[in-house]
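S.K.: As given, the protein sequences belong to chains U and A, one line each in that order. Using this note's numbering, you'd call the opening residue of the first sequence number 15 and step up by one each time. Using this note's numbering, you'd call the opening residue of the second sequence number 99 and step up by one each time.
To be clear, the hints were calculated from the coordinates, so they are not data collected in a lab. Wrong hints could be hidden among the right ones.
Only pairs whose alpha carbons sit at most 27 Å apart, straight line, appear in this in silico BS3-like list of lysine-lysine [what the hints assert, rightly or not]: (1) U:Lys278 to A:Lys271; (2) A:Lys116 to A:Lys140; (3) A:Lys187 to A:Lys271; (4) A:Lys244 to A:Lys209; (5) U:Lys215 to U:Lys251; (6) A:Lys183 to A:Lys209; (7) U:Lys278 to A:Lys140; (8) U:Lys99 to U:Lys215; (9) A:Lys370 to U:Lys215.
Partial list, computed: chain A residues near chain U (C-beta under 7 Å) [said to hold, decoys possible]: (10) Ser148; (11) Leu299; (12) Gln300; (13) Ala356; (14) Gln367; (15) Ile369; (16) Leu371.
Idealized CB from N, CA, C, for every residue including glycine.
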Amino acid sequence: MALLEITNLTVEFATATGSLRAVDGINLSVDEREILAIVGESGSGKSVAMLALMGLLPWTAKVSADSMLFDGQDLLGMNDKQRRKIIGKDISMIFQEPMTSLNPCFTVGYQITEVLCQHFGGKRRSYNNRAIELLNQVGIPAAESRLNSYPHQLSGGMCQRVMIAMMIACQPKLLIADEPTTALDVTIQAQILELLIELQKNHGMALVLITHDMAVVAETAERVVVLYAGQQVEQRKAEKLFKNPKHPYSEALLNALPERAQDKLLNAIPGVVPGQMDRPQGCLFSPRCSYAQEVCRQEPPKLKDGILCHFPLSQPKAISVESE
Amino acid sequence: MSEQLINARDLHKYYSIKSGYLQPSKNLKALAGASFELYAGKTLAVVGESGCGKSTLARLLTMIEQPTSGQLSIDGIDVAITTDKSIKKQLRQSIQMVFQDPFGSLNPRQKIGNIIQEPLIINTDLSTNERHQKVLEMMELVGLRKEHFQRYPHMFSGGQRQRVAIARALILKPKVVVLDEPVSALDVSIQAQVINLLIELQQELGLAYVFISHDLSVVRHIADEILVMYLGKPVEQGPSEVIFNNPKHPYTQALLSATPSTNINTKRQRIKLIGELPSPINPPTGCAFNPRCQHAHKSCKISEPIMETYGESQAACLALDEGRI
């Protein structure tokens, strides 16, 4: 049985101008010890879907789903108190901005031991050794002296390591990383990704990686879910997706990368993700899709074999991968 | 050969830092010895991690700050020597900048049209109508619609805001545009749109770009020349193709291997860089890269390497010098 099983997850926000559907019927399943990547542009609902799972959305959000099972427990029927016992312990989440997601008023040591006290009880002091052990695990040099540092004394990469230490403190079964490396330099990005994968292997966690960078996905994930405007447009094994993307959007995302450009100009996707007001009638990607036909503009497509498209691509459109 | 627009020789910029009352101030070497040339219609990419002095270089080039030492001539005029204010003003007009964060670099209380025409108000005495006309032309050039004139920045997406920032930089018809991480805050698909726009504008207007970035896949696509910096010092520079196909300096090699790629078939051996950039206030002795370098030797900790020519590119590395790699 899958560790996490979400069917038909929908999140709607009540805004002044009407309701906004940020996530539209997503089905997700994550197996134990699996690395799943969720890919999409900003506004595609990838973060909102995961925040809904964590129960971290504001009251304006209306979350509904047919089922939301984690490790056999139903997260939907739970009240907040019960949910808090799972969140942070069995499911934990790393956020994008390491500098802003740590509390600037407390030391690193305080923030790490706080998680442990919360879930296992006991005195904060008694967890100091565990905190040092955790900091060592995530590769922070001189961990003992770092316990008393404040977040502003650390660099972005170090802060992200502290975040990761906090999140693996309770040995979660599922770790969600929401754009964990977007704010970091390439060399640090490589270090953090490597660390996440190493921890995932050693601890036997499942890892959900949210990102908009296809290259990061290619380096890490086993399975990929591509989201567009809140809908799940493609869900497949990473290897297959990169060789032969079936949905035009996945293909366009790949082709927009500079490394896949054939000449001086890149294959940009025209336009932007539709907002609340300009949602097209048919397929949501149709205004930007280079294969769109009349049917695409009139009728929304149905999900078939994990692909949401009237005309899934069979052959890759002459993607010539530059030989390195 | 096209026109030479920027000629920088051995640029240095130090900031003095007070570490406390009664304590002597220390020098932070933000930039130590950058030399390069930039020609019309070409792109120079400055690459490195945060804290390597890329943005300091941008501030020197745009004359926001004066170099501590070294020579910088823009359009054939030496910036340090010139005291004539009108010449300086003209120089400032010919070099403009686009910043990284399109959410922070536009005034949220100004309309798009006013943001774009502000350089004109300051630097020219055109009438309101003429200014409007120019702004509308520029908006069309960067792919904004006429009706956007009266809108506020918050009504736009990141990509469109970056277009506004580009329009503002181009309105004075500069010869050089300094782009400080112009696409790193954008999504991949929007990033491609903005890069295409930059390339088209360059071809159309013959602009020279100084493209500051840490994303090597973007740099590879857009740059003609590359300058790799580490802790304020250039470590390798040369033509883009040469640097990407045959990187000489261990740091460049590490940077290239750290860049993720969608090409799953070619699993490369990744060079692991341990640790982070050391503090520029208290840099390591000898080669600044030696604590993280896998080829570091005793001599690397003692003497500082200088730029030497290897084939078509230049690199500053003792291991290369001594033939160890």
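S.K.: Could you grab the alpha-carbon distance between lysine 187 of chain A and lysine 271 of chain A and see if it respects the 27 Å cut-off?
M.R.: holds (14 Å)
S.K.: For the hint on leucine 371 of chain A, does the least C-beta distance to chain U fall short of 7 Å?
M.R.: holds (5 Å)
S.K.: Once the shortest beta carbon distance from alanine 356 of chain A to chain U is found, is it less than 7 Å?
M.R.: holds (4 Å)
S.K.: Minimum Cβ distance from leucine 299 of chain A to chain U below 7 Å?
M.R.: With Cβ-Cβ at 12 Å, over 7 Å, it is violated.
S.K.: Quickly compare the C-alpha distance for lysine 370 of chain A and lysine 215 of chain U to 27 Å and report which way the hint goes.
M.R.: Judged against 27 Å, a Cα distance of about 19 Å means the pair holds.
S.K.: Sort out whether lysine 209 of chain A lies within 27 Å of lysine 183 of chain A, counting only the CA atoms.
M.R.: Distance ~31 Å between lysine 183 of chain A and lysine 209 of chain A Cα, so the pair is violated.
S.K.: Taking only the CA atoms, is the gap from lysine 99 of chain U to lysine 215 of chain U under or equal to 27 Å?
M.R.: holds (24 Å)
S.K.: Is the Cα-Cα distance between lysine 244 of chain A and lysine 209 of chain A 27 Å or less?
M.R.: holds (13 Å)
S.K.: So, as I understand it, the hint says serine 148 of chain A touches chain U; can you test that by seeing if any CB pair is closer than 7 Å?
M.R.: Where the cut-off is 7 Å and the nearest Cβ of chain U is about 6 Å from serine 148 of chain A, the hint holds.
S.K.: Given the hinted pair lysine 278 of chain U and lysine 140 of chain A, is their Cα-Cα distance within 27 Å?
M.R.: OK: lysine 278 of chain U and lysine 140 of chain A at ~13 Å, within 27 Å.
S.K.: Is the hint on glutamine 300 of chain A kept, meaning its closest Cβ partner in chain U is under 7 Å away?
M.R.: violated (10 Å)
S.K.: Mind checking the alpha carbons of lysine 278 of chain U and lysine 271 of chain A for me, to see if they're no more than 27 Å apart?
M.R.: Cα-Cα ~23 Å, so holds.
Hint compliance for this structure: hints 2, 6, 11, 12, 14, 15 are not met, and every other hint is.
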